[in-house]
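*Asks:* Now for the letters of each chain:
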Amino acid sequence: MFANLSDRLTETFKSLRGKGRLTEADIDGTIREIRRALLDADVAVPVVRSFTAAIRERTLGSEVSGALNPGQQVVKIVHEELIAVLGGEQRPLTLAKHGPTVIMLAGLQGAGKTTFAGKLAHHLKAQGQTPILVAADLQRPNAVTQLKVVGERAGVPVFAPEAGVTREDERPHGDPVEVARRGLREAQDKQHTVVIVDTAGRLGVDAELMKQAGDIRKAIDPHEVLFVIDAMIGQDAVATAQAFQEGVDFTGVVLSKLDGDARGGAALSVAQVTGRPIMFASVGEKLDDIEVFHPDRMASRILDMGDILTLIEQAEQKFDQAEAERMAGKMQRGEDFTFTDFLAQMQQLKNMGSMKKMLGMLPGMGAMRDQIDNLDERELVRTEAIIQSMTPLERDNPKVLNGSRRARIAAGSGMTVADVNSLVKRFEDAQRMMKAMAKGGGMPGMPGMGGPGGFGGLPGGKKSKGKQAPQRKVKGKSGNPAKRAQQEQQARARAAGEKPAAPAGSAFGLGAPAPQEDIDPAQLQADLGKYLRR
Amino acid sequence: MDVTWIPGDADLVVIIVALAAIGGGAFALLRRPGGGQQPPSAPPAAPPTAEPGAEQPEAAAVEEAPAEEAEPARAAPEAPESRLARLRSRLSGGFGATLLSIFSRDSLSQDDWDELEETLLAADVGAASTDVLLEDLRARLKAEPEAEPIALLRQALLDVVDPTLDRSLDLTGAEGMPATAVVVGVNGVGKTTTVGKLARVLVAEDKTVVLGAADTFRAAAADQLETWGSRVGVPVVRSDREGADPASVAFEAAQAGKDQGLDVVLVDTAGRLQNKAGLMDELGKIVRVVSKVSPPSEVLLVLDATTGQNGLTQARVFGEVAPLTGIVLTKLDGTARGGIVVAVQRELGVPVKFIGLGEGEDDLAPFDAEQFVDGLLGR
Numbered sequence: 024m025f026a027n028l029s030d031r032l033t034e035t036f037k038s039l040r041g042k043g044r045l046t047e048a049d050i051d052g053t054i055r056e057i058r059r060a061l062l063d064a065d066v067a068v069p070v071v072r073s074f075t076a077a078i079r080e081r082t083l084g085s086e087v088s089g090a091l092n093p094g095q096q097v098v099k100i101v102h103e104e105l106i107a108v109l110g111g112e113q114r115p116l117t118l119a120k121h122g123p124t125v126i127m128l129a130g131l132q133g134a135g136k137t138t139f140a141g142k143l144a145h146h147l148k149a150q151g152q153t154p155i156l157v158a159a160d161l162q163r164p165n166a167v168t169q170l171k172v173v174g175e176r177a178g179v180p181v182f183a184p185e186a187g188v189t190r191e192d193e194r195p196h197g198d199p200v201e202v203a204r205r206g207l208r209e210a211q212d213k214q215h216t217v218v219i220v221d222t223a224g225r226l227g228v229d230a231e232l233m234k235q236a237g238d239i240r241k242a243i244d245p246h247e248v249l250f251v252i253d254a255m256i257g258q259d260a261v262a263t264a265q266a267f268q269e270g271v272d273f274t275g276v277v278l279s280k281l282d283g284d285a286r287g288g289a290a291l292s293v294a295q296v297t298g299r300p301i302m303f304a305s306v307g308e309k310l311d312d313i314e315v316f317h318p319d320r321m322a323s324r325i326l327d328m329g330d331i332l333t334l335i336e337q338a339e340q341k342f343d344q345a346e347a348e349r350m351a352g353k354m355q356r357g358e359d360f361t362f363t364d365f366l367a368q369m370q371q372l373k374n375m376g377s378m379k380k381m382l383g384m385l386p387g388m389g390a391m392r393d394q395i396d397n398l399d400e401r402e403l404v405r406t407e408a409i410i411q412s413m414t415p416l417e418r419d420n421p422k423v424l425n426g427s428r429r430a431r432i433a434a435g436s437g438m439t440v441a442d443v444n445s446l447v448k449r450f451e452d453a454q455r456m457m458k459a460m461a462k463g464g465g466m467p468g469m470p471g472m473g474g475p476g477g478f479g480g481l482p483g484g485k486k487s488k489g490k491q492a493p494q495r496k497v498k499g500k501s502g503n504p505a506k507r508a509q510q511e512q513q514a515r516a517r518a519a520g521e522k523p524a525a526p527a528g529s530a531f532g533l534g535a536p537a538p539q540e541d542i543d544p545a546q547l548q549a550d551l552g553k554y555l556r557r
Numbered sequence: 030m031d032v033t034w035i036p037g038d039a040d041l042v043v044i045i046v047a048l049a050a051i052g053g054g055a056f057a058l059l060r061r062p063g064g065g066q067q068p069p070s071a072p073p074a075a076p077p078t079a080e081p082g083a084e085q086p087e088a089a090a091v092e093e094a095p096a097e098e099a100e101p102a103r104a105a106p107e108a109p110e111s112r113l114a115r116l117r118s119r120l121s122g123g124f125g126a127t128l129l130s131i132f133s134r135d136s137l138s139q140d141d142w143d144e145l146e147e148t149l150l151a152a153d154v155g156a157a158s159t160d161v162l163l164e165d166l167r168a169r170l171k172a173e174p175e176a177e178p179i180a181l182l183r184q185a186l187l188d189v190v191d192p193t194l195d196r197s198l199d200l201t202g203a204e205g206m207p208a209t210a211v212v213v214g215v216n217g218v219g220k221t222t223t224v225g226k227l228a229r230v231l232v233a234e235d236k237t238v239v240l241g242a243a244d245t246f247r248a249a250a251a252d253q254l255e256t257w258g259s260r261v262g263v264p265v266v267r268s269d270r271e272g273a274d275p276a277s278v279a280f281e282a283a284q285a286g287k288d289q290g291l292d293v294v295l296v297d298t299a300g301r302l303q304n305k306a307g308l309m310d311e312l313g314k315i316v317r318v319v320s321k322v323s324p325p326s327e328v329l330l331v332l333d334a335t336t337g338q339n340g341l342t343q344a345r346v347f348g349e350v351a352p353l354t355g356i357v358l359t360k361l362d363g364t365a366r367g368g369i370v371v372a373v374q375r376e377l378g379v380p381v382k383f384i385g386l387g388e389g390e391d392d393l394a395p396f397d398a399e400q401f402v403d404g405l406l407g408r
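Residue numbers (this note's numbering), protein chains in the order written: chain V, 24 to 557; chain A, 30 to 408.
Here chain V stands alone, though its shape is the one from the complex (with noise of 0.2 Å):
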């Protein structure tokens, strides 16, 4: 695992720390390591040049002068650069005033134009249009094929009067720009609302293909033409992006394939070199899998600054709905955390598969990095041997565990009466934590997590899983007076400048008339803001 950006700069600056304010020399190694993080997201070299440039100009202002930890002061204003690059000029689709809207599928082999255009006709679908798919890729073998299952499983009807390509060995026939008009066509006589038209993949540098599209895009006229890129795209992005610009004008872009776990500097070239918008991010296979892009999130992918929206929307979708709804009932009741939730949480942890890949995406986990690489996940198989060594009543009443049950759990797991012993111990520190947070509504102690870089927090934070927790509350301040200027140096640039972000996230999200994630990023934010700040 590379070590993430803010865990490079705070090492860039850790010389500097208390001089207060940033001289030239001082930022030519900041920038150095900005670019680095940048070219290790796969931004175009040029891109990197301008933005650097870009930054240094800001950072040599006033407003890093008189910083107390400047490293997370530069952080912040990268990461705001970002989100105005990736998010200048947001907007929803399109959609034409009367008669059917066109939107054409345009881009490289591979990167996901079929896939995603059932996405796209299953979302516009949710929001009551009727779209229609048009398959007007007769390049690939079974492309055609492919679009019709698409299509079926979204519900929404293909129009495909040419197989296309079937078998390996057969020369396409038929003419995909006569296709496209037909669909059109078509789409007007039944009465659709949106016509989807799928093109053939093409390489950049292939004229005759790039002209094919071409010529589709002045049969149809589409009202958009979304360019799908695959987020894993390296250095080519710029030269790919260019091509297809020239060839077809594309109105939009299209971020596939972002369920991996590349960091998808591709977007921010994309979106500086043809200053289009990015509108949708494609994340996985299901039909679902679409969402309406945030910069915001995208900016703190490229600088791996950890993403918790991410992390927590992953965690919706493997966690049981019904167990959370339990745990928050409890929570709100004021009950006890007990060892049957703890082993019911930890099973759905087991469901949203690797530990340590987890942990990778909570922010400011920089500083731990060491122990969750050498975290051994069968730490967790053992203490679940524990807690299923105890009985019911136990797990529900820690306090009964007796020296002879510890003993008979001990034997029965295959540890040690210490591991019963310390497990218990340890429980109980996370049981008063979670009850300091039901009932305080926040956690305690754990002021870095929001913010870019909270390393400086995370010491208390875990402290405050101990027996400091409730103290720590109280008094809001480290006994250690640097480590105090510190943390009042957070507070200070997290009022400054995560709320603004947060909002931001929202604002961007330009999700066409009805977004179709269910939750509201911003009031997630916000609300999850109140467990991760105070």
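A couple of the hints might just be wrong.
As the list claims (entries may be wrong) - Okay, the calculated beta carbon distance ranges per label pair: (1) Gly197/V x Glu234/A: 36 to 44 Å; (2) Arg270/A x Gly357/V: 30 to 38 Å; (3) Gly151/V x Glu164/A: 58 to 66 Å.
Treat the hints as calculated values from the structure; they're not laboratory data.
Glycine is no exception: its CB is placed at the ideal position from the N, C-alpha and C atoms.
Using the hints, position chain A against chain V.
*Replies:* For chain A alone, kept in the frame of chain V given last:
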């Protein structure tokens, strides 16, 4: 940063579980007003991406009988020189030209170094590998101030790509057993097409081959592979229904290879993103099950040349599940330069064995390090 306050790993576990409980609880609270408006989850997934192997019709038209396919001159990708010349002309357009203009100056200024660095970066070589390469070049220039910088850079690149590595396919199974090869990769990089082309190459080498269509997920993947099989004249083992257990298909293919005393079993797998734990486990199972018949002697990762730094992660994660023996770099016929190869080989030591230069069926060429580097340098 002082992190000694963390008493042990286990603590982390407890905290995470507690956090998860909180997270879960938070949601339920948030969602309560909505009252379970969770959108019904869609039926299993649309086939994720296009397998990019649209065949050139001309090539197909030429070949009629499978017997002809076996003619080595036809199937063993002949004339790689001409293809590489094509590749080189494209590569040299950007990379080589810039390098030449840089190196034609007498001494290298800081700006030149910067430019050099950006050129390497722009080829997707990656920041870390670029640093190492430039450091290497600096050292070489110091040692041999008289030498031509471009020759030194060529040598530096060559040392990373290492032409002495064995890039042939190791497909000699144990006595009486077929050699097995598994082809893996993320969605939409061209796995099925690569399997088809590889089968062609193997048939040309007079090997008997069976293909296993373990991509039971994408709608038309098995059909696509079957088409390849019938053209090259090799049997394809496939499941008769969609969504079957890919491991069982792979096993049957390997078993068929053993029973019929064939030389090679080529298993095509479904595309999967490397961060999907469930799918990676499935891949692990495929490899394990195939190993019951004959441990895979080749696990080939198919990488798209346009892939950026994520390619390294892909190689690393796939390698953890199924130790990679080689890489097939596809779609080198675009504008992408595939510099990620350099990074992958430097960090993981997995060599590129084949490159895909286009959509034609013979456009799978063995990777030649010297020609590749020369191409990069515009020679």
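*Asks:* If a hint holds in the structure, say so; if it doesn't, say that too.
*Replies:* Against the structure, the hints:
Under the hint 36 to 44 Å, the C-beta atoms of glycine 197/V and glutamate 234/A, about 38 Å apart, fit the expected range. For the hinted restraint 30 to 38 Å between arginine 270/A and glycine 357/V, the CB-CB distance of approximately 53 Å leaves it violated. In this structure the hint that glycine 151/V and glutamate 164/A lie 58 to 66 Å apart at CB holds, the actual value being about 60 Å.
The structure fails to meet hint 2 from the earlier list, while all remaining hints are met.
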